[in-house]
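Engineer: Now for the letters of each chain:
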Amino acid sequence: MLMREFAGDDVLLDVRDLETHFYGEESVTRALGGISFQVKKGETVGVVGESGCGKSVTALSILRLLPKLSAKTVGGEVRFHGRDILELSDREMRKIRGDQIAMIFQEPMTSLNPVYTVGHQIAEAVQIHTKASRPVAMAKAEEMLRLVRIADPERRVSNYPHEMSGGMRQRVMIAMALACSPELLIADEPTTALDVTIQAQILRLIVDLKDRMGAAVMFITHDLGVVAETCQRVIVMYAGRIVEQANVVDLFARPAHPYTQGLMRSVPDPRRGRQRRLPEIPGIVPNLREPIVGCSFAPRCPFAIDICREKRPPLRDVGSSHAAACWRAEEVMGA
Amino acid sequence: MTLLSAPVKAAPIGRLRLSEIPRLARRHPLVLAGGGLLALLIILALAAPLYAGDPVNMDPFKRLQPPSAEMWFGSDNLGRDVFARTIFGARISLVVGLLSAASAAVVGLLIGVVAGYSRGFDNIVMRIMDGLMSIPTILLAIALISLTGPGIGILIVAIAIPETPAVARLVRSVVLGVRERPYVEAALCGGARLPKVLWRHILPSTIPALMVQGATVCASAILTEAGLSFLGVGVPPEIPSWGNMIASSRLYLAIAPLTIFAPGICLAVTVLAVNLLGDGLRDMFDPRAKRRR
Amino acid sequence: MTGPLLKVENLTKHYPLGAGFLKKTIPTIRAVEDVSFTVEAGETLCIVGESGCGKSTVARLLMRLVDPTGGRVLIDGTDIAGLRKQELRAHRRRMQMVFQDPYSSLNPRLTAGQIITEPVENFERLTRKQRNALAADLLQKVGMAPEMMHRLPSELSGGQRQRLGIARALSLNPSLIIADEAVSALDVSVQAQILNLLLDLQQQMGLAFVFISHDLGVVEHIAHRVAVMYLGRIVELAPSEALFAKPVHPYTEALLAAAPVPDPTRVRLEAPVEGEVPSPINPPTGCAFHPRCPLAVERCRIEVPPLVPMADGRVVACHVRAPATESPGPRLRQPNRRHTVPEANA
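Protein chains in written order, with my numbering: chain A, 1 to 335; chain B, 1 to 293; chain C, 1 to 346.
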């Protein structure tokens with residue numbers, strides 16, 4: 001339905017009505033309430049939202065890396081190259097992960113094995129997915145370290161993760177993720193744990209390498225600044241649903257959902273004055289353990305009217321390549 | 001301001017209330033099973049004089065009798081009532097188990113907290129603790145008892161001493177972790193004195209680990225007591241204890257098996273109850289350790 | 001007017017690395033090196049820098065959670081670095097701290113009311129009625145309902161917990177609040193609420209803040225003056241507008257350029273600074289930034305640049321942009337006495 005006119009051969013990932021639940025001792029949390037979006041080949045899509053909005057759960061659901069005992073994808077499809085990967089066997093899925101879809105996490109230290117050298121770990125990733133011999137794989141590892149601009153890669157291949165700084169470890173993670181030339185790279189808050197100057201380096205690296213390798217990137221972050229600098233298209237999530245998606249320039253110029261608008265205005269911006277009160281989004285996020293009637297943002301929304309509290313707004317087009325789930329999107333864009 | 005609209009749903013939960021216990025028990029069946037079994041054993045042992053016969057009265061004419069209405073588990077080689085002796089034996093096991101666990105816990109807690117908080121003390125005391133840990137319980141008990149003569153008090157001391165270092169170490173590691181917590185620093189910033197910081201912010205965090213460790217110590221103390229009594233260096237032979245009973249009846253296994261099985265099975269059940277309780281407490285305090293659906 | 005509220009002079013902290021029992025020289029981490037600044041009543045001084053620059057250590061030194069290796073911390077003229085434990089307790093009342101993590105900085109076993117009234121109860125006995133009244137008053141100040149005093153931290157949201165942290169800091173009526181990354185762990189919308197609260201409190205109570213942050217957007221929003229730290233030293237200290245309008249130190253420049261800006265139409269002109277922060281165990285000689293600095297000259301490798309006062313009330317430690325020995329003309333005039341700048345040690 002939505003923006004499906006663009007659907008076609010260039011669609012790499014097509015997520016439809018994805019629904020994921022988390023199970024607690026006495027309750028069910030509807031972490032994802034049925035989300036649909038597409039990622040095209042070579043495209044950079046940002047997924048933004050605040051903690052608990054479901055952005056990381058989306059990534060884990062797509063990769064089928066949810067904790068087995070406490071979470072389950074209960075509905076929807078994830079079509080990768082037209083094939084629903086939720087239907088695949090675990091073995092087929094493992095082949096796709098890393099080979100065609102790779103992932104970078106926030107904390108590189110926990111994703112690297114402390115007892116092996118980084119060269120060994122990259123080479124292993126190469127060997128799992130290609131039939132390369134050990135020396136070939138090690139050479140590839142060195143080449144990948146050079147590619148992610150680690151100085152002195154000949155020496156660094158034999159370093160252990162703890163001998164590297166946070167920024168360098170994240171480069172190693174990127175090298176590992178890209179070693180098999182994936183078609184889709186999912187990066188979950190890859191720079192959140194890093195300092196600003198290092199963050200700038202890593203962001204530039206990801207964008208450069210993506211262009212060079214022609215991979216699509218799904219960039220999950222809470223930082224609107226990072227999205228603005230790296231992404232072509234943005235998906236905004238709130239309470240387990242997509243509330244808005246648009247190309248990046250439109251989104252920042254004319255946000256169509258009150259939540260997006262509120263989020264952008266609550267970021268300090270000296271152009272609007274220093275030491276001035278920031279516009280707040282009143283209230284707190286809804287509890288996803290309880291059923292939500294109407295729009296989940298309605299209790300905090302300055303635009304809310306009766307219908308918002310009764311009927312959930314569908315995601316609908318409000319411009320070319322701009323969609324929002326709001327009954328009053330047109331008024332919001334005018335505000 | 002804005003947060004006034006936050007949902008006021010859950011009633012404010014303070015600390016554990018009595019009315020909470022059934023709900024907790026449903027969630028933690030091990031605690032219920034172990035705790036219940038242990039409570040039952042304690043009640044049976046306390047109420048022993050009300051229903052069990054005399055455990056020390058000897059009757060040479062009724063040696064090694066089979067079970068009867070008068071003596072439910074029969075009699076032993078000196079004509080004593082095995083049932084009564086088993087029930088009264090529980091008192092010894094429980095007293096020794098609980099008191100050794102309690103004394104190891106209290107002493108270990110004190111040493112652990114101080115060691116966790118003061119660097120200088122830490123170095124010296126923990127080396128001493130390492131030394132204590134290397135003493136075998138049985139040898140220490142034999143040595144102490146040969147000095148003072150047998151008795152329950154000295155037995156408890158002998159069992160508690162080698163168990164204390166383990167408790168102290170555990171408490172120390174918890175304290176080392178907690179003292180760096182921002183809320184402890186916040187208390188210091190607020191002008192709290194050290195004793196108050198220890199009492200209010202650090203001690204409570206050690207309680208869960210202490211209870212779990214206490215259960216382990218209790219179980220092993222019960223077994224050690226039985227072992228020492230079996231060897232004849234534990235409880236004085238005239239006092240009925242499971243270890244004594246097994247020791248004195250071991251020659252008559254073929255004739256009067258209950259004289260050994262009754263105390264043996266009771267011993268196993270008691271240790272099982274304590275261990276179940278310990279495991280249950282661990283799960284309860286550290287939900288990550290189990291995490292099921 | 002009797003001088004500044006807080007005056008920090010040549011504050012230094014070295015951490016020995018491991019016990020050097022047999023070794024002759026113990027390696028030390030030079031966490032904070034010769035840091036000086038002042039804070040006036042009602043003013044917000046922000047300290048920015050990347051991880052390992054020593055900004056959090058400065059906060060802990062100010063609260064004397066750690067003892068300094070050298071230097072002085074004067075609050076209203078009293079040096080708290082030299083105080084004994086008993087006197088320190090009284091002086092801590094003037095300064096309170098708000099912590100970064102709203103989860104681990106609250107004791108999970110105490111109720112909100114107990115948490116925020118505890119500092120007062122360290123100094124005086126309260127009846128139950130007084131305690132409840134105090135808790136209600138403090139909660140109201142930070143925008144929470146008095147009924148919340150019976151809640152445990154686990155029953156509150158991240159923003160509410162941070163409000164409790166602020167209420168606890170306010171309970172002793174301090175004149176200065178040290179906020180160590182107090183909004184970094186919060187979501188953007190909650191961060192806005194907390195920043196507003198801090199600004200409101202500053203206005204109502206005339207509080208001064210030492211606000212430590214790595215987020216330049218937040219700093220630019222709330223700071224009156226900004227100190228930029230790199231590897232334990234202040235490299236630039238300037239009024240906020242001046243600093244953000246025209247950074248002088250090359251590191252400040254790099255930091256501002258690297259911060260992502262939520263504006264997709266902005267084109268990034270300069271390349272981000274290359275390389276990483278060196279280890280504080282073995283910092284580079286001379287200016288610590290010289291290995292990454294595009295402007296570095298021979299002298300930067302040899303000599304630590306002193307903080308040199310500039311015309312617009314800022315001090316900068318850079319041989320190239322703020323040479324100490326040249327142009328003795330108008331620059332030497334102290335432009336703004338209100339913000340006492342530390343002496344250049346040239």
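No lab work stands behind these hints, which were simulated from the structure alone. The model shown is predicted, which means the values in this text are computed figures rather than measured ones. Beta carbons: idealized from backbone N, C-alpha and C, even for Gly. Watch out, some of these pointers could steer you wrong.
[To be verified] Looking from chain A toward chain C, a few residues come up when the C-beta cut is under 8 Å (computed): (1) 86; (2) 222; (3) 224; (4) 228; (5) 318; (6) 319; (7) 320.
[Unchecked claim] One-sided excerpt, in silico: chain C residues whose CB lies under 8 Å from chain A: (8) 51; (9) 137; (10) 181; (11) 220; (12) 260; (13) 262.
Engineer: State for each hint whether it applies.
Structural biologist: A quick look at each hint next to the structure:
{"no.": "1", "hint": "86", "in the structure": "violated (30 Å)"}
{"no.": "2", "hint": "222", "in the structure": "holds (7 Å)"}
{"no.": "3", "hint": "224", "in the structure": "holds (4 Å)"}
{"no.": "4", "hint": "228", "in the structure": "holds (4 Å)"}
{"no.": "5", "hint": "318", "in the structure": "violated (18 Å)"}
{"no.": "6", "hint": "319", "in the structure": "violated (16 Å)"}
{"no.": "7", "hint": "320", "in the structure": "violated (17 Å)"}
{"no.": "8", "hint": "51", "in the structure": "holds (6 Å)"}
{"no.": "9", "hint": "137", "in the structure": "violated (23 Å)"}
{"no.": "10", "hint": "181", "in the structure": "violated (13 Å)"}
{"no.": "11", "hint": "220", "in the structure": "holds (5 Å)"}
{"no.": "12", "hint": "260", "in the structure": "holds (3 Å)"}
{"no.": "13", "hint": "262", "in the structure": "holds (4 Å)"}
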